[in-house]
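> Sequences are here, hints too, so could you generate the full structure?
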Amino acid sequence: MSTVEIRNLHKYFGKLEVLKGIDFKVASGQVVCVIGPSGSGKSTLLRCVNLLEQPTSGQVFVDGIELTHPDVDIDAARRRLGMVFQQFNLFPHLTVLRNVTIAQERVLKRNRSEAERVARENLERVGLAEKADSYPAQLSGGQQQRVAIARALAMSPSLMLFDEPTSALDPELVGDVLKVMRTLAQEGMTMLVVTHEMGFAREVADRVVFMDGGVIVEDGPPKQVIGDPRHERTRAFLSRVLNPDQVS
Amino acid sequence: MSEPSSSPTLTAAPPGGLSPRRRQQLSRGVQYAILVVVIAVIALLADWREISKSFFNFTVAGEGMPALFTVALRNTVIYTLSGFVLGFALGLVLALMRQSSVAPYRWISAAYVEVFRGLPALLIFLMIGSGLPLAFPELTLPGDVYGKAALGLGLVSAAYMAETFRAGLQAVPKGQMEAARSLGMPYMRAMVSIVIPQAIRIVIPPLTNELVLLFKDSSLVLFLGVTAAQVELAKFGNDQASTFANPTPILVSGLTYLIITIPLGYVARRLEARKGAHR
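Protein chains in written order, with the numbering used here: chain A, 1 to 248; chain B, 1 to 279.
Source of the hints: derived by calculation from the structure; they are not laboratory data.
Be aware that a few hints might be false.
Claimed, not checked - Pulled a few chain A residues facing chain B out of the computed Cβ check, cut under 7 Å: (1) 13; (2) 75; (3) 78; (4) 79; (5) 89; (6) 93.
Since the model is a prediction, treat every value here as computed from it, not as a measurement.
Cβ atoms here follow ideal geometry from the backbone N, Cα and C, with glycine treated the same way.
Dropping the structure here:
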């Protein structure tokens, strides 16, 4: 069964058509990386999956439930979807522990001790158990992003969405975050990852989707899409990303 | 300009005038001279004996003594705080309405802010004092004058606080709401748990200034018609001044205001500076 299915998705910002009819599925347990130049619509696609952006037309299904249906309780549906942002978006006025417990208590109605137990488990998972009582501002970017992953995981999502999770990080901090994501993938988490990390995509992804100009240009196993792209646009993009020093 | 140079033409005075530094010295000297003259004129014109008798009459000041604090200051604080609480709550609601996706909410909020910022606070108090009983004969506010005072100060300050809260809410990054929503929180839950606490932290310094303004505006309560037990600082000073035919109590009231407003203003500036250092 597919965890995510998108049918003929269109998204306009004003008159600008950002997504021009996307059809696309993520099977349960799959890791799918979406790559493409900036402005290609890949982040918008990701944000349409949990309806942070309202699609102009088309359908989004998660676990067989149509999120775009007017009768769907979107808040309930979003609980199945963990989201990790480029800018982390931790809650700066709350401790790390509280960042991870607040939605469990307010949304899942877990009691405080249960929520804290789950929170500590997930902080352990991302290697930050000892930072539970710190505030986000006291952590490095990489640590903040790992807390953000723990915060999403604490809601027991069936799918994790990553929106360029390492793009705002200093290069030396990228590795820790990717390591956590790699472990998650190995544990069988379904993941949809917008990224520029080609090494990660090649190694971890079951499928790589290349987007350009609001359409999916190429979709297949990483060996094919990154290793042996069929389309000229994919090739041009990859050569720019993989050899940034070369002047084309 | 500041380049060190051994060129003699630069160190010499410009032709036909003083160097800029000399001119500044001269101008400052003139300013000091004017200041001294103004002070001297005021000092000579004033009737010092009368001033010390009228404004620094310790016997008269002593007459109002426990009541100045136990009644007048106490009432002033009560009026101010109750007005502040009401203005805070109403201002926050108005700020949220201003952001609402429901257009009529936005209109109501905008209209409210324009009207109550545009009217003199005194006029609002006169309306509450004489208009409210006519319009709503059945309505009795809790605590009578205390209720009316809280309403008047709350209605006025809500308009200013709404604008302050609006700025605070807008200063919270959009990603905070998105993160909260993506964790499954409904809009209002996310507002209450995530966005509003951060917005309030941002607006604490301007809200402290608003508290100072309200403290002074509480003097308008006298237009509601108050009994001796309900009197606040300004009216207290004025009443005492008429009783003893001596304006010392007005000065004493003024000093009592300053005891509160100067430290509060200082706190507001400190909070402002600390926020600047943090962000």
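> Each hint should be assessed against the structure and marked as holding or not.
For each hint, the structure was consulted:
Annotation: interface hint on residue 13 (chain A) violated; nearest CB of chain B at approximately 15 Å, more than 7 Å. Interface hint at residue 75 (chain A): satisfied, since its Cβ lies 5 Å from the closest Cβ of chain B, which is below the 7 Å cut-off. Because the beta carbon of residue 78 (chain A) sits about 5 Å from the nearest beta carbon in chain B, less than 7 Å, this interface hint is met. With its C-beta approaching chain B no nearer than about 4 Å, residue 79 (chain A) sits inside the 7 Å limit, and its interface hint holds.
Evaluation of the residue 89 (chain A) hint against chain B yields a held restraint, the C-beta minimum of about 4 Å falling below 7 Å. For residue 93 (chain A), the interface hint holds, since its Cβ comes within 7 Å of a Cβ in chain B; the closest pair sits about 5 Å apart.
When the structure is compared with the earlier hints, a violation turns up for hint 1 alone.
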